[in-house]
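Please put together the full structure from these sequences, using the hints given.
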Amino acid sequence: MTHTPPFRLPSGGRRIDRAYQLPFRFDGRHLRGLTGDTLASALLANGQMLMGRSFKYHRPRGPVASGAEEPNALLGLGQGGRFEPNQRATTTPLVAGMVTRSQNCWPSLDADVGAVNSFLSPFFPAGFYYKTFIHPRSFWKHLFEPIIRRSAGLGRAPTDADPDRYEQAYGFADTVVVGGGIAGLTAARDAAQAGGQVLVLEQDSLWGGRTPIDHKDGQAAIDALLSDLRGRPNVTLRRNTMATGLYDHGYLIAREALADHDPNQGIPRQRLWRIRAGHVVTATGALERPLAFACSDVPGVMLASAVRDFIAEYGVAPGQRIVVVTNNDDAYRTALAARAAGLDVPAIVDARPVADGDLPRAARDAGITVLTGTGIAKVKGGRHVAGVTLCDQSGEGRVTDSLDCDVVAMSGGWSPVVHLYSHCGGKLTWDKAQAMFRPDPDRPPLGADGKGNVTAVGAASGDLRCAGDLERAEGATQPVWVMPARAPYKLRSKMWLDYQNDVKVTDVELAAREGYASVEHAKRYTTLGMATDQGKLSNINGLAVLSDALNQPIAATGTTTFRPPYTPLTLATIAADAKGEAFQPLRKTPMHAWHEAHGASFEPVGQWRRPYSYPKGAEDRHMAVDREILAVRKGVGTLDASTLGKIVVKGPDAGRFLDMLYTNMMSTLPAGKCRYGLMCNENGFLMDDGVVARLSDDTWLCHTTTGGADRIHGHMEDWLQCEWWDWQVYTANLTEQYAQIAVAGPQARTLLERLGGSIDLSQAALPFMQWAEGDIAGIPARVFRISFSGELSYEIAVPAGRGLELWERLHEIGQDLGITPYGTEAMHVMRAEKGFIMIGDETDGTVIPQDLSLGWAISKKKADYIGKRAQRRLHMVDGKRWRLVGLESVDGQVLPDGAYAVAEGVNPNGQRNVQGRVTSSYHSPTLGRPIAMGLVRHGPERMGQVLDFPMPSGQVMQARIVDPVFYDKEGSRLNG
Amino acid sequence: MLILTCPYCGVTAEETELQPGGEAHLKRVGPGGTDEEFEAYLFDRKNAKGVHFERWRHAYGCGRWFLAARCTATLQVFGTYKAQNAHPPSDIVDSIRAARPDWTPDWTTT
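Protein sequence lines correspond, in order, to chains A and B. According to this note's numbering, the first sequence is numbered sequentially starting from 1. According to this note's numbering, the second sequence is numbered sequentially starting from 1001.
Source of the hints: derived by calculation from the structure; they are not laboratory data. Beta carbons are placed, not taken as given, at the ideal position from N, Cα and C, and that holds for glycine. One should not assume that every hint holds.
Stated by the list, open to error - Mimicking BS3-like on lysine-lysine, the simulated pairs with C-alpha atoms at most 25 angstroms apart in a straight line are: (1) A/Lys-880 <-> A/Lys-868; (2) A/Lys-427 <-> B/Lys-1049; (3) B/Lys-1082 <-> A/Lys-650; (4) B/Lys-1027 <-> A/Lys-862; (5) A/Lys-868 <-> B/Lys-1027; (6) A/Lys-451 <-> B/Lys-1049; (7) A/Lys-969 <-> A/Lys-634.
Said to hold, decoys possible - Residues of chain A clear of chain B, computed beta-carbon distances all greater than 10 angstroms: (8) Asp-463; (9) Pro-553; (10) Lys-634; (11) Pro-670; (12) Glu-888; (13) Pro-896; (14) Val-906.
To be verified - Here are some of the chain A residues that sit facing chain B, going by a computed Cβ distance under 10 angstroms: (15) Tyr-247; (16) Gln-721; (17) Ala-870.
Here it is in structure tokens:
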């Protein structure tokens, strides 16, 4: 029979307001719904049953459910930055002007070319991909993978940035009740009476769950509970809030829809709640299961509860002639509701041999035909249900009768929503009598105190009859996993289990035959339960079929793992305000604004932004680097070194402590002097370096790398607190207290002496590797005579608030000396010209100082330091290690950073053996040629040898092993 | 996400405030140790399923390192204590024994 209007019933629908029509668009068509509609009810009210296409076979799909478990009616919603794929039509409230489109079809929902897959379905069984796309091997990369990638995924990802605001909030409660149905509200009342803060979360916009629909006095009972709870100061009620995941120690994530799909209200669209719950009560209800009969996926086959909801909640008739098929009493409510709404119910097809409870009796009294012991042999119709053929449920499907209808309302029983209970380790038990997995109250999730911290109540606990103070009397459910029980292959191969992913009974049976006996393996082989609904409808039926195929009880098969989130969370909610500039803090030095004003091109160094170079005029950043280097080498330049870590270590045992931390001796460093120090971890590997200055008898100032400050401070504290906790040492990370400026170049002293002050900067008074304190240009300062550039260099530390003043002063008075600000890249090149190592370039966490010929910075006298024992391990001293050398490109080209030098032969994987790699490589403007450093096996013993560096292009670059110090080997310049 | 109470500042902190530091009560092996002893110190970890002692730093709080006794299987927390203990103190041991009667310490206090 055909699907005929009217689709909107003349009366009824507790959610809708018939006075207000809302226009919206679906695949370009202009339609109208009512205030209170969901997209699904509005589309059904327009006669639009076809809402999507299945993923694999592109079969036509209509809504099956009326809630969050919907696998079929997934739409693309919105436009531009607000476009969202895969939105469930059944839970998306209709908003005026909404633009929606169907998915997974081309060129249109009605005429989808991909539907050809459906006719080829005998060739696409479970595991098809694994069996087919193997040979010939070369086809994978060039043919199979591109095709699979193009057809993968349901819906299209949005391409524009999301314009809406999302926020996050923290919540705390002694008891959190998830689910505002009668069981949840009752539990909330009990918890509130017992005392403590109670938070109740309800996914829907209305309280009560199924109770107001399914029970005559339901709404009154809900209203009474709500009125009680609203009067209690210790109770918070929160609607439109979906608890999506429960994690360790009562950590609950919930998503509250604030202005969903109506984003112009000026408030955040969604709020992610991060709730710490003392105790969680799951009152999440139950989901109805489909029945597996032939062609169960034809649009118009719906869950009995969904048919009832569309009639009662939205005043929508999914069809005019509704056949109910069931294995339980509850579905009789649908037949009664349909009949009360004036719709035809040709028959209730009940698989059970006997149905004589209150509800079946009421149905018979209403004149509805009840066919017991009967099943559906097959659904007729292609794009829409046209009728059903009937058979004996216990037989093989011989057709006994047929009925015309446009909707089949099916019920295979109910499964408690056990997701939250299971997310965090709660165990389930198979309830054979009720044919369901339900939470095992003896094995709940545990809190920090080792006691259960989750309790399931109501239908979520398996108590399907629970209706608070209302009692339901229903007959027993009879498990029906396949209809009819002894259906032959031909029928079983048309019985859908997972509608979205097109997994059928025969696919699961095939998986079992091919050895996928574990439910987790069978799931992945068949993709059962891997669709966007995560098996909310299909799992139990699927594992029952698997159990049957394996000839074992369902309890032995078990369930797949329930993982959060229960329903999808949009990434925007998870990110909330932590995006763009607020993604992470940005650290700026006191001179940052000057750098910006002078055209600095910045680079990120940890959370800092440091000037990479200062391009002028038509220069690019690399041309600027060359100019800056030459300016420093010939005149004077300034580097903002404020980001360098500055950690003060003080106390009677500070010297002893630093002797353990650094490879060299710091306790013997005289006050007023500086020493370059290396810091290793307990594995012996070099982790940081920097200059240490002794400030006084009991105080040292340790400079660290820019990225290392916090880490090294943490490292110090770790050893101080946990190993040498009886040593009297205090550390403080003063990195941001000081601005530091490196003034480098042959004119550095001349420049600084112009500033005036109390510090004698002469070579005699302040030689290399000493420091002095006083004032410079009226600013209190420490001046360190240290050099990372290889030039005459002073690093001047002043209070952070005066850094900019000093920097500007230097540039004012140094114009005639050609003073030039230089950035990090000039610094890198200059240190490489000098053969100085850089943590992170020459080191990668597997390099010991000895590899870098830094033995001079390792004390031979000390009995111990962190890393000393490790540096004596066999492979550290076996002489086979790669060691630091300079590399001189033979053809004058700059070697690529990270390039490998090959050796003779191949390794067991057939790859060329290697004997070294490039760690730093630059064009040196000072020398007018490329320079590089690298780690090479036996490197320092192989001076003059030429290494081959094959490039991805096939070209082989060559470089000669040379001394790593390319510039001023004698050090006369930095001592100048 | 775990909750642990910092024994120094008393704050009940959640995991995002804390920095994990691996197994507690390791005894450092210095230059005098044999290769085997040093390797064990560097790499051999109990990786217990059950009662476990571990290091945490209240990194986004008071900054102190402390130790926690916890069940790695159930995440039950038996208690936290200061890092300056060579072995778990007696109140922690009592708390573990109350919850895990079969458990016995694998160290000797002298």
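Open item on the list: When the structure is checked against the list of hints, which entries are broken? Sort them ascending.
Closed with: none
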